[in-house]
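A.B. asks: Below are the chains, spelled out letter by letter.
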Amino acid sequence: MFELRNVSKTFHKRGVFGQTLSETHAVQDISLNLEKGKTIGVIGESGSGKSTLARIALRMIDADAGQVLFDGQDISALRGKALKPFRQQVQPVFQDSAGALDPRLTIEQTLIEPLVLRGSIDASEFRDRITASMTSVDLPHDYLERRPMELSGGQRQRIGIARALLMEPRVLVLDEPVSALDVSVQAQILNLLLDLQEQKGLSFIFVGHDLSVAEFFCDDILVMYLGEAKEFEDSRILFQDPKSDYAKQLIASMPRVL
Amino acid sequence: MSGLLDIKNLEVGFGAVTAIKGISLSLYRGTRMGIVGESGSGKSTLGLATLGLLPDFARCSGEVLFDGTALHWDNDMAMAGVRGSRIGFVHQDPMGAFSPVHTIGTHLTRAYLSAHPGASKADATKAAVDRLDEVEITDAKSRLRHYPHEYSGGMRQRVMIAAALIGNPELLIADEPTTALDVTTQAAVLRVMNDVIEARGMGLILITHDLGVVAEICSEVAVMYHGELIQHVPVDQIHEKAHPYTEALLKARPRPGMRGERLPTIAELLPEGWSDV
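First to last, the protein sequences are chains A and B. For reference, each letter of the first sequence is one residue, going 1 to 258 in the working numbering. For reference, each letter of the second sequence is one residue, going 1 to 277 in the working numbering.
Note that these hints are calculated values from the structure, not bench results. Any given hint could turn out to be false.
What the hints assert, rightly or not - One-sided excerpt, in silico: chain A residues whose CB lies under 8 Å from chain B:
| id | residue |
| --- | --- |
| 1 | 16 |
| 2 | 17 |
| 3 | 184 |
| 4 | 191 |
| 5 | 241 |
Just so it is clear, CB atoms sit at the ideal spot from N, CA and C, and this is done for glycine as well.
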């Protein structure tokens with residue numbers, strides 16, 4: 001359904017005259033194919049290119065090579081209006097829920113904005129949509145009057161998810177969605193995401209660095225190191241029997257489970 | 001019996017909030033204690049209060065004895081003799097802890113000279129090189145001339161441990177020392193910390209939100225919740241005598257083979273009305 005085919009991205013550090021000083025191969029020839037209702041995890045350490053890959057999947061940045069396909073259609077060359085249907089189908093949820101929400105807007109204003117941009121729905125449907133999305137993330141409606149800073153980190157992350165769901169997407173790209181949260185809140189958000197996936201048949205791309213969370217949350221896992229795919233495997237198999245040296249090293253570094 | 005560090009009925013408040021609600025805790029020489037808790041549990045405040053590093057508006061009562069002597073937080077001269085030379089401190093963000101305009105060598109030699117007033121500069125440099133060797137920074141001598149930004153995150157954290165060791169303290173307090181690091185780097189930093197503590201026979205207080213990190217290097221675990229100490233046991237007995245909150249904290253972490261299940265949340269696991277503590 002959602003496919004990245006041989007995508008690569010190189011960042012150039014340029015001097016004052018535009019000459020290339022150094023190159024970083026952030027993502028090198030990576031492919032993945034996400035099916036309906038499934039979760040692919042992308043794990044790696046800082047600098048592995050996992051967030052760059054997520055941004056390519058979201059079309060926030062363009063890959064230098066390779067294609068992004070949605071429902072079999074190559075959308076990597078689409079721009080502007082033509083990209084709109086894709087943007088509705090594939091929505092992001094970010095790590096820093098405080099940074100992703102405008103501090104001056106109430107939650108209601110935050111949620112109305114994407115609906116207005118989307119257009120073609122009337123005011124009464126606004127209400128229904130917002131009510132439905134607040135209900136689906138288990139937040140009481142009086143929170144609509146609040147501003148982001150009046151909410152806890154977990155509640156803000158729920159708003160981030162609610163906002164993504166407003167567009168009725170089929171894919172969520174989750175970039176470190178629980179990394180900033182306490183364990184107890186992390187458990188709630190992971191459960192919520194799994195429930196939503198079950199109810200709505202959502203597909204997830206989950207970017208993270210916490211291996212035990214990835215093992216729990218993902219069907220398949222792509223292990224990245226310095227822009228390269230080191231291993232792509234079913235999450236159960238990966239953790240029991242890693243094949244690549246890097247994945248072995250990564251798994252051996254996991255703190256002991258108490 | 002008095003320990004290396006005895007916290008007696010410590011209470012800390014900020015404005016209307018009581019961050020620590022009367023905690024008593026003893027750490028014996030050579031013990032490594034992990035203090036765990038979630039945000040707002042008061043674990044970092046406990047570490048800062050011990051060293052008298054809380055802001056002036058904080059209200060503190062109770063006392064902390066180090067090696068049997070009460071610490072006088074409001075006496076800067078007396079605390080200067082404790083900080084660094086008797087209790088070393090490592091915190092989470094090494095980038096914030098080092099000044100970007102001074103080399104690592106300057107940081108380390110200054111730390112040495114403040115712990116050993118009157119020592120020569122050559123001694124200080126030698127100590128700096130030795131400490132960097134101790135935390136396994138290769139090519140320590142030339143590394144002294146580098147600035148903090150030239151080090152990677154894991155190396156900076158090891159340098160911070162080196163800086164904390166340079167005054168030869170008997171106790172190290174480390175507040176989330178590996179939280180900002182990748183897993184492989186975290187494993188390396190924990191191993192270095194473990195080796196150093198063991199070789200020196202120091203005491204350790206490791207403040208963290210991660211029970212896995214505690215399991216790696218601590219012998220005891222103290223669990224904090226909303227400013228209270230709810231449990232203090234040897235790490236290997238954590239399951240036998242687990243307090244409901246500790247149990248909940250342990251279970252809320254995903255563990256192998258749970259794919260497809262839902263995680264128990266802490267609210268579900270706690271007995272009715274318990275969270276009002």
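A.B. asks: So, for every hint listed, does it hold in this structure?
C.D. replies: Structure-based check of all given hints:
1. 16: Violated - the Cβ of residue 16/A stays beyond 8 Å from chain B, reaching only about 21 Å at its closest.
2. 17: violated, 25 Å
3. 184: holds, 4 Å
4. 191: holds, 5 Å
5. 241: violated, 13 Å
Of the numbered hints stated above, those contradicted by the structure are hints 1, 2, 5, listed in ascending order.
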